[in-house]
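Colleague: Start from chain A and add chain V according to the hints.
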Amino acid sequence: MRTVQAVAWKEIQIYFSSPTAYIVAMIFLALASFFFVRDLSNPFPQASMSSFFQGATIILILLAPTLTMRLLAEEQKLGTIELLLTSPVRDWEVVLGKYIASLVFLLGTIVLTLYFVLLLIIFADPDPGPIWAGYLGLILYGAAALSIGLLTSTLTSNQIVAAVVAMGILLVLYFTDFAAATLTGLPATIVNEIGLKSHFDDFERGVIDTKHIAYYLLLTSFFVFLSIRALESRRWR
Amino acid sequence: MVIQDSKSLMIQATGLTHYYGPYAAIEDVNFGVERGEVLGFLGPNGAGKTTTMRILTGYMPPTRGKVTLDDFDIVEQSLEVRRKVGYLPETVPLYTDMPVNSYLKYMGTLRQMPPKDIKRRISEVIDVCRLGDYRSTLIGKLSKGFRQRVGIAQAILHEPEVLVLDEPTIGIDPIQVVETRRLIQELGREQTVVLSTHILPEVSMICDRVLIISEGKIVAEDTPDNLAERLKGSEQMEVEIGGPVSQVLPALRALKGVASASHRSNHGKEIYTIQANEGQDLRDEISRTVIGGGWSLLSMQTMGMSLEEIFLKLTTHEEL
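Protein chains in written order, with my numbering: chain A, 1 to 237; chain V, 238 to 557.
So that you can see chain A by itself, here it is in the shape it has in the complex:
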């Protein structure tokens, strides 16, 4: 566990010593506030975070992969992976440490948006249910998005390729409802259930359904597991 911690801590330090992370956080917050203001600047303003959550899911498709693209791709490019994999560290410890670092950074960024909630509480009387449920959903959604970026970063030494492929996968998973609409019966249900977005909507309405929680946790563990396997396979390739 100490090595997981060491790997995670090192990655977090690198996030803060490079401009990428600040840019990602800044763009996330700027776009998020744009979506947040949308609900308030109506002729009939609502004390709700609904637009913010909807917007955040789209922003994360672009920003989560930029947080994860460096994680293992850079090690492979620089060759530092050679020293990492010849240290007495298990592959899963490396992958988990890196993943935790990206998750911590994302959580930090999401925490900064609590400023919006504070504004609502001060100036209005928002319904707390949808807000806290929405945050839970957003964190689960973000965790899943990061795990997909983690996998693509493990598979290539090119950071751009890692990011673009992850964005592609996320977009496909986001827009499954379009595909589901052209299908009927069981296939439609399956395609819809795979989708990232269809599981998010309930949270933002204030409904916490274990089905959705299980979906995100399963998806995240699946991609983290694949990343570990992908790293292990490097030894045999």
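Honestly, the hints are just simulated from the structure, not real lab data.
Hints may be right or wrong, so weigh each one.
[What the hints assert, rightly or not] Just some of the chain V residues that point at chain A, by a computed CB distance under 8 Å:
#, residue
1, Gly258
2, Tyr260
3, Gly295
4, Met297
5, Arg301
6, Thr305
7, Glu313
8, Leu316
9, Arg320
10, Tyr324
11, Tyr332
12, Tyr343
13, Leu347
14, Arg348
15, Pro351
[Stated by the list, open to error] Straight line, CA to CA, 25 Å or less: simulated DSS-like cross-link-like pairs of lysine-lysine:
#, chain 1, residue 1, chain 2, residue 2
16, V, Lys321, V, Lys342
17, V, Lys342, V, Lys303
18, V, Lys321, V, Lys303
19, V, Lys342, V, Lys356
20, A, Lys77, V, Lys378
21, V, Lys342, V, Lys353
22, V, Lys353, A, Lys77
23, A, Lys77, V, Lys381
24, V, Lys378, V, Lys356
[Unchecked claim] Computed spacing ranges between beta-carbons, pair by pair:
#, chain 1, residue 1, chain 2, residue 2, range
25, V, Asp370, A, Phe16, 21 to 27 Å
26, V, Gly369, A, Leu107, 36 to 42 Å
27, A, Leu218, V, Asp370, 48 to 54 Å
28, V, Ser380, A, Pro128, 46 to 52 Å
29, V, Lys356, A, Gly129, 48 to 54 Å
30, A, Phe16, V, Asp354, 25 to 31 Å
31, A, Leu218, V, Gly382, 46 to 52 Å
32, A, Pro19, V, Ser380, 21 to 27 Å
33, V, Thr254, A, Ile194, 40 to 46 Å
Using N, Cα and C, we set each Cβ at its ideal position, and we do this for glycine too.
Modeller: Coordinates of chain V only, in the frame set by chain A:
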């Protein structure tokens, strides 16, 4: 190739083979390294040195064959093996956006050193590798030579029983090369060191034993001195003799055991180069002949074949 009591051996490799696709980088390589020995892998680029190093450090498993390090199997007990090995890869890959200090601390934690030891050892290796002024400099800002030192510092940080150094002096300036070699020699007194190089003088300077590797196969194995001795084949001598060339040269050529003799003048000195047949020591014969002829014997020198020549001879043998 090496038949010794396996207990005294630190590393024992048998039938080591590695394929990249259909191409064999190394084929049926066998060797053993004794505890405290400094073993050098010598070979041209692409001979399979890096592949061998990577297998030894557990970076990748061999396609076939078995390696044990301190009786731990390199594939089955990879973690134990990796705990005992310090490794300096060929290109010295480092995190360029980390300061030297944090980098060493990170590597120490990865090697599961207790925090107290990490602190102590960092200041020790910083001293040994003379990185004192660069503790908090970003690695990316260091020159190639200093990065090399950081690479060595991380390799010895956890006081590994075995040090694997892949081309440790490549790409650094001559003064640093000398320093690096001295450092390796010092380390070799206590640790088992396996290093690879394509620079011949380096091997005779640092190593107790040399394996010459070419096209994925070991073509020779011995101490640097023995190797030179064994491969002399024919011995060459340079003799300076005072006397008429027209008489001396035929007399030398007539000697038994002389394969060839030639003459050249060098600033008034008459120098004869004599090639003896294999294993023959002609010094006695020559001096008697010279004195007997009434000439004067001014100097006599044996010219051993340099490692460079041996190396060329060995590694180009198959093409000839």
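Colleague: Evaluate each hint against the coordinates.
Modeller: Okay, the hints, checked on the actual structure:
no., hint, verdict
1, Gly258, "violated, 10 Å"
2, Tyr260, "violated, 14 Å"
3, Gly295, "holds, 6 Å"
4, Met297, "holds, 5 Å"
5, Arg301, "violated, 14 Å"
6, Thr305, "violated, 17 Å"
7, Glu313, "violated, 14 Å"
8, Leu316, "holds, 5 Å"
9, Arg320, "holds, 4 Å"
10, Tyr324, "holds, 5 Å"
11, Tyr332, "holds, 6 Å"
12, Tyr343, "holds, 5 Å"
13, Leu347, "holds, 4 Å"
14, Arg348, "holds, 6 Å"
15, Pro351, "violated, 10 Å"
16, Lys321(V) to Lys342(V), "holds, 18 Å"
17, Lys342(V) to Lys303(V), "violated, 33 Å"
18, Lys321(V) to Lys303(V), "holds, 18 Å"
19, Lys342(V) to Lys356(V), "holds, 8 Å"
20, Lys77(A) to Lys378(V), "holds, 18 Å"
21, Lys342(V) to Lys353(V), "holds, 11 Å"
22, Lys353(V) to Lys77(A), "violated, 33 Å"
23, Lys77(A) to Lys381(V), "holds, 18 Å"
24, Lys378(V) to Lys356(V), "holds, 23 Å"
25, Asp370(V) to Phe16(A): 21 to 27 Å, "holds, 26 Å"
26, Gly369(V) to Leu107(A): 36 to 42 Å, "holds, 39 Å"
27, Leu218(A) to Asp370(V): 48 to 54 Å, "holds, 52 Å"
28, Ser380(V) to Pro128(A): 46 to 52 Å, "violated, 58 Å"
29, Lys356(V) to Gly129(A): 48 to 54 Å, "holds, 50 Å"
30, Phe16(A) to Asp354(V): 25 to 31 Å, "holds, 28 Å"
31, Leu218(A) to Gly382(V): 46 to 52 Å, "holds, 51 Å"
32, Pro19(A) to Ser380(V): 21 to 27 Å, "holds, 25 Å"
33, Thr254(V) to Ile194(A): 40 to 46 Å, "holds, 44 Å"
Hint check: violations occur at hints 1, 2, 5, 6, 7, 15, 17, 22, 28; the rest are consistent with the structure.
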